[in-house]
Amino acid sequence: MIEEWVVGTLSRTLAYGTPLLLATLGEIYSERSGVLNLGVEGMMILGAVSAFATAFITGNPWLGMLVAGIAGALASLIHGFVSITLRANQVVSGLALTMLGLGLSGLFGKGFEGKPLNSTITNVTVPVLKDIPYLGEILFVDQSPIVYIAIILTPVLSFILFHTSLGITIRSVGENPSAADSAGINVWLVRYFCVVTGGILAGFAGGYLSIAYRPAWTQGMTSGMGWLVIALTIFASWNPSRGLVGAFLFGALMHLSFRLQPWVAPELLKMMPYGSAILALVIISLGSLKKSMGAPNALQQPYIRGEK
Amino acid sequence: MNHKCVKVVSLLVAVSLIFAGFAAVGFAEEHNKLKAGFIYVGPVGDYGYSKGHDVGREYVEEIFPWLETFYVENVAPSDVESTIDQFVNNRDADVIFTTSFGHMNPTISAAKKYQNTIFFHCSGYKRAKNVGTYFSGLYQTYYLSGLMAGALTKTDKLGYVGAFPTPEVKRHINAFAIGIHEANPDATLHVRWLNAWVDPSGAKEATQALLEEGVDGFAFTEDTPTVLQTAQENDAFSFSHYNPMYRFAEDAAVSGQISNWGVIYADILYKVYYGVYTNENLEGVDYWWLLKEGAAELGAKRGMPINPKYVDELKSKTVEDPILGKISVYDLIMKRMEQMKADRVTFDPFVGPMKDRQGIQRLKDGEWATHDELWQIQWAYPNVKGPWPDEPKE
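Going line by line, the protein sequences match chains A and B. First residue of the first sequence: 1, per this note's numbering; consecutive thereafter. First residue of the second sequence: 1, per this note's numbering; consecutive thereafter.
Be a bit skeptical, because a hint or two may be false.
To be verified - Sample of chain A residues lacking proximity to chain B, with all beta carbon distances greater than 10 Å (derived):
#1 141
#2 160
#3 185
Unchecked claim - Listed below are the simulated EDC-like cross-link pairs for lysine to aspartate or glutamate, each with C-alpha atoms no more than 20 Å apart in a straight line:
#4 112/B - 286/B
#5 110/A - 73/B
#6 355/B - 343/B
#7 292/B - 251/B
#8 115/A - 212/B
#9 110/A - 54/B
#10 129/B - 186/B
#11 110/A - 58/B
#12 126/B - 343/B
#13 301/B - 4/A
#14 115/A - 233/B
#15 115/A - 92/B
#16 309/B - 373/B
#17 393/B - 348/B
#18 301/B - 267/B
#19 292/B - 343/B
#20 335/B - 293/B
#21 115/A - 58/B
#22 301/B - 286/B
#23 35/B - 62/B
#24 157/B - 4/A
#25 130/A - 212/B
#26 115/A - 251/B
#27 355/B - 92/B
#28 385/B - 3/A
#29 301/B - 343/B
#30 126/B - 373/B
#31 157/B - 233/B
In case anyone wonders, no lab produced these hints; they're calculated from the structure. C-beta: ideal position from N, C-alpha, C; glycine also.
Excised from the complex, chain B in its bound form:
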């Protein structure tokens, strides 16, 4: 064997070693990245529920350099399992988030099939050793919005454009109604249902219909800013929902609720990455995060709890509180927010004595509604007017 040959061979060996080294490093890097897949029920473009989750996904992708995320939108419950198959087999997902109530059963059955994968399901109640659950609650912010609405209405008539009459939407309406009642016992809340999560034309007509009835302030559950925009066009006020919608209606948007899924996703993924959560210990992991944890934020715009245009009026209106005495609505809102954000929460809108609109006692004196009661709520608060499907008779 001549020298030249040895040189060439050793050069080749060296080069291949370098390549192998790069490959190994690349592999290690690839391997160290945690891969999280998100399954959305709606289009990200709805500017509503699925958009909210996607904002959360973008947030964790940005703050965790070791994280890689991907998502699929518009996934009906029947397509969840095949999407999970794809995520696990083709994209090596370590963690999979399914974000709609209807995704619950397919998630549980896929979790049995892929025991090494970690699943988190949003808004459901079934868990397994590799399936945790999570949800963010907005009812506290709805209550705070209700305080404002009660103080600001000139006609004593407020409106709510609801998507579907689900317990979640009913909980929001009731919380809003409780706030309204506290600030203005004469005011009523008129509800109209769309029977759709996304229906801008319907939302527009429902708002117009309520305006014709004399309503001058709105809250809503629909995945677009339509109600808010319609309020703006008609010199009424409204509360933004789910995503910051201030820029759609800078006069009409008083406040609202902003959902922050990002903080929940960050907590989950951090704990998965550092081995706190594994595919063996999720049976008891259930997030129900509220104002305190930052999963919900008050405002129509991040960092602006109340539109400055309405602050003076809220400061000038006073209410008589049994404990706090005579207090301006503005101060009451700030006080309630403080109480609900404290380490030890000292206030909740759903505290007895509380009757529903049919006069049935729902909470005894001093009794706090439990997680399950809030989760399954069907009754309507007394100042709520209008149709109420599945209203319990006892």
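Excised from the complex, chain A in its bound form:
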């Protein structure tokens, strides 16, 4: 009984945590290079609508995922242009991107409302591996392939960030752009690269929602997940592996808010991810802790060559 309970909960945790994880990985890259992107919600929902539209029209859900990534990338370029090239306030630009994304997706999505999708990314059960006790049932029975992609991406992106020269370049741009610049690194290029990476992954996260997790398009269907991602990035202290832990923890809380409803007030359970997000934001705002949390030093600072 208890085993069944735990296995069921963990299996659902993966399904719900996956979009959070994908988008968080992207946001970690963006912020590691010094660009805070509050437009995650907007990029996700643009990914969701374009993935659905593509899968609906072409009948190919994987093409839908690809287009979702492209849509996310294009959306992130807007933020990149405004905050990197024009050096405008990152908070304002990101918020604008979220609103723009929500609005545009509603507009483009009008024709796809209430349409069932016949070609979705279906869940898979992996033979052999499914027989591993517990783990098999949690990970390899009736799980979306995108869950695996997200989980595999985590160590890969972590390795790149901490153990390759590309990773060092990204982090140095986020820590001290002028030093990086004098070392011959193209700060703008690196930042654009990271922001676009964030956009692609947020787009994937949205695509997962509309063609795998819940195959349908509804206006506003990301329902605040993008904001959880912002919180998760801080929660994870800009570390992809900790992002995985955080995303699945949030996923578990979300699922448990329904499992535990007969015993615990649902409002309380549903508040927990947001509560921990606020807590994380408070911690990051306390300047002295900023360093120990591992926040990139130049986060939110537009880089202007020649200035300190």
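With the hints as your guide, set chain B onto chain A.
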């Protein structure tokens, strides 16, 4: 004055007269059109509540050639008055529909300001000489769905994913529970709350959570087909809600309730156009339309009350009814539908004796729940399990 000049002038006069004539005709046509503005609380794209109203708007726009309609979506209560200002001043609206409970007070105050405009507010209780109210009730169809759910469940556990614990949602859950109990006294109904009208991810997880608890059939109040789709993925069954959702889950969708605001809008606008309703006589106009009036329809698809895949099973299950005797669930559903659709309604799910789940007597023997009792219902039917905010203690 020479001839040529006269000719030119008279030609010009003639031409301008023709233009004036066209203009007058155009003006008359413009003027004769009744203009109705709709204010929605949510996005039309939610495939739920606001979509339901918009389908109604499209319906009246199509059937009445003399009608022009327009709408604004996503209008929060605080923005209702300014939207009404716009409708009246810039778009010459003759009739304005405000469609959410939260729109009530701003509608009443705007109606004082624009005394020549006719207002209709959906789901509220405040009226004025130029403000009528209307609502369509789905509880009867929920009851019929409950009969099916009780007969079809293999685990004797049914689930309900509810949006907010409002009287309307509670009325639906209770009606569903009453139907379940009638078809299967052993079955229980497990409720989970989303605390959101639109939350597909939450609806998905709530459904999954209930599935893990052994639930095999669902009904819900959430503005997307998520619960239905999740049931389909897991070989469970579900009832569609609000809009026809059959095509999302052709195996899982047994039946459901379809809201038909169009018939109410048609009745109101027709009576406004022909002068039955004016800005002086709406104080007592309140629509509470149900199955009988066609404001609610049974089914997951228009014209299909029960998914043919489930008909045989419903015909094979029988129940013992004190009046009808031994009867198949299918026949019982048809009989109840007939009784609720008759000119003189002879059946209602909420008829006493009825106790709530705490054992408190809610309806005396043979007593029918009144409109107000149904409107304000807070208690839970005995087979309802799970959290129930604001449960009355007496």
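The hints, checked one at a time:
no. : hint          : verdict
1   : 141           : holds, 13 Å
2   : 160           : holds, 30 Å
3   : 185           : holds, 40 Å
4   : 112/B - 286/B : holds, 19 Å
5   : 110/A - 73/B  : holds, 13 Å
6   : 355/B - 343/B : violated, 29 Å
7   : 292/B - 251/B : violated, 28 Å
8   : 115/A - 212/B : violated, 28 Å
9   : 110/A - 54/B  : holds, 13 Å
10  : 129/B - 186/B : violated, 50 Å
11  : 110/A - 58/B  : holds, 15 Å
12  : 126/B - 343/B : violated, 28 Å
13  : 301/B - 4/A   : violated, 37 Å
14  : 115/A - 233/B : holds, 17 Å
15  : 115/A - 92/B  : violated, 35 Å
16  : 309/B - 373/B : violated, 37 Å
17  : 393/B - 348/B : violated, 25 Å
18  : 301/B - 267/B : violated, 23 Å
19  : 292/B - 343/B : holds, 7 Å
20  : 335/B - 293/B : holds, 17 Å
21  : 115/A - 58/B  : holds, 18 Å
22  : 301/B - 286/B : violated, 28 Å
23  : 35/B - 62/B   : holds, 14 Å
24  : 157/B - 4/A   : holds, 18 Å
25  : 130/A - 212/B : holds, 19 Å
26  : 115/A - 251/B : holds, 17 Å
27  : 355/B - 92/B  : violated, 51 Å
28  : 385/B - 3/A   : violated, 24 Å
29  : 301/B - 343/B : violated, 25 Å
30  : 126/B - 373/B : holds, 17 Å
31  : 157/B - 233/B : holds, 18 Å
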